[in-house]
Amino acid sequence: MPFTDPMADGPAIQAGGLRALKGGETLEKTLHLVRDFRAHDADTPIILMGYYNPIYIFGVERFLAEAKDAGVDGLIVVDLPPEEDDELCLPALSQGIAFIRLATPTTDDARLPAVLKNTAGFVYYVSVTGVTGVATPDFNVVASAVSRLKRHTSLPVAVGFGVKTPEHAAAIAAGADGVVVGSALVEAVRQSLDGEGRATPGTVKAVTDLVSALAAGVRRGRAAA
Amino acid sequence: MTAQPEPNSFRTGADERGRFGIYGGRFVAETLMPLILDLEKAYAEAKDDPSFLAEMRAHQTHYIGRPSPLYFAERLTEHLGGAKVYLKREELNHTGSHKVNNVLGQILLARRMGKKRIIAETGAGQHGVATATLCARFGLECVVFMGAVDVARQAPNVFRMKMLGATVVPVQSGAKTLKDAMNEALRDWVTNVADTFYCIGTVAGPHPYPTIVRDLQSVIGDETKAQMQEAEGRLPDSLFACVGGGSNAIGLFHPFLDDRSVEIFGVEAAGFGLDKLNAASIAGGQPGVLHGNRTYLLMDKDGQIEEGHSISAGLDYPGIGPEHAWLNDVGRVTYLSATDEEAVEAFQVLSKLEGIIPALESAHAIAKVLEHAPKRPKDHLMVVNLSGRGDKDVPQMADRLGMPL
Ligand SMILES: Cc1ncc(COP(=O)(O)O)c(C=O)c1O
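Those protein sequences? They're chains F and X, same order as listed. Under the numbering used here, the first residue of the first sequence carries the number 1, and numbering increases by one thereafter. Under the numbering used here, the first residue of the second sequence carries the number 1001, and numbering increases by one thereafter.
Please keep in mind that the hints were generated in silico from the structure rather than gathered at the bench. In this text, a Cβ means the ideal position worked out from N, Cα and C, and glycines have one as well. Take every hint as true, because none was put in to throw you off.
The calculated lysine to aspartate or glutamate pairs, modelled on DMTMM-like cross-linking and capped at a C-alpha distance of 20 Å, are: (1) F:29 / X:1300; (2) X:1041 / F:109; (3) F:22 / X:1307; (4) X:1301 / F:28.
Take a look, some chain F residues computed to stay more than 10 Å from chain X by CB distance: (5) 32; (6) 38; (7) 40; (8) 120; (9) 140; (10) 141; (11) 144; (12) 164; (13) 185; (14) 187; (15) 194; (16) 200; (17) 203; (18) 215.
Based on the sequences and whatever the hints tell you, model everything.
Structure, rendered in structure tokens:
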């Protein structure tokens, strides 16, 4: 769900968001995309990720009703910490839509229970202090952070921010339940576009090739663990 | 306007959730949440610590040059033929604007918290200069984020910041102005959490910033109250201040909010006009969430933030501090707007009649005084916050008036 001012995102996703908006993307259209996908795939989970303002302006109730109807399973909304749970998290949970929370290196043990309290689906561990797609995480530090999280929750733990290559994915999959890749895929899309910023016949392949390579990395990491 | 109940006092916010009515809050990424909770705790301790307050007062006196005068603008008053106009001379502060009041307090707080690296966003460059100045004074590292467009139109301030030892980072994302500078500062903060203090320049951002900055700027209104008592033996009848994020305005207004006889006017930037590109969030925006708080924002129908436009780099922010949003809704403050053209006219009028070249931001408030003072009786006491001096705007105005330097 693109937003003009993605304060937790690095250059790749910022640029991707602005390209999408320039191309006329709206929340309405994003929900259509989900509906179209659901028409031929009832099983693959779909999570929408973004910032609160476009949802707030669309209307929280209307958004949740339409998201539910379209087949959305979960939401990741970066600028809604537990302190603002009554805005979207609690209404989403009551609709049966998971609200996936971010836990970060600055979330200490004292705060962790508050962060985990209304989390559903999985916990998204942010591997670096920073924005998406810039720094490469220290995988030893990530491994111990994942163990710490697992002592506090039985939910699966997925790790993201700065994961770019199959090797990164393998290192993370050794300890975590999932790997989140954003900027690298957005960047693969960008490199496949034509001069006017439109998708080319190579665009889908650019994404599926990278996803296959990342998935192979995850399997290698799992096997080695 | 969103109807909200009228409180017994207008001065009690923010509540424990950092809200002013429905506005404010803490809409930030989890990485920052523990940091703003730390800041809230550190500030709560500092603001009641006599040694902290004494240190701040000493620097206000000897470094900033406070109190700033409340000056009777005799020729302007004569010229307008109505209300008696007083100028609160914040432009006489060290570094040339009200911004330094806030920066001093935040830098002392940063020192108390043991932070060694200070980051700030800036539009006109006044907040950046004030931050660079106090970092020089206290030997702290300083990084200022400034939209690339603003870097170009506020060249004198960019040079000042560099002279003062700060690193100025031109921000190339988005529209390359204040909003984008604030995004970049927030991105830097989530990246450098351990040693960095984010010194926000206005009454915006996540709680507790709007409250901290307001408290630190309230020295303007506190002094004004005492000075007017001294000069005229009573309260003023009306207050005017320009509103970008709203820090100079809330600083003047806050001590008077419960004095119901005092009419209060904030002046937003109407840019090319309210029906064209402008930066008047209350006149032309609606409540939304950006930069950590809910407030009036300029946006399209899908909730995508729009760029503000104003001739003054310090006012073209597409939002406004959450306390102002609330003061608007409860009807305690009236928000007006002034166009680029009105501000340019006021800039010249004040320069010629009083020998004071105002900042283009402050000229927006002056513009509304030019309009309202003639309609008021001669015993009406009108105070306008002269938030900054116009030196930084000289090259831009010279161009605009066809006298390039
Ligand atoms: C002289 C002056 N006045 C006013 C402003 C606007 O900010 P605020 O509304 O926070 O006072 C600025 C911002 O740069 C400024 O430099």
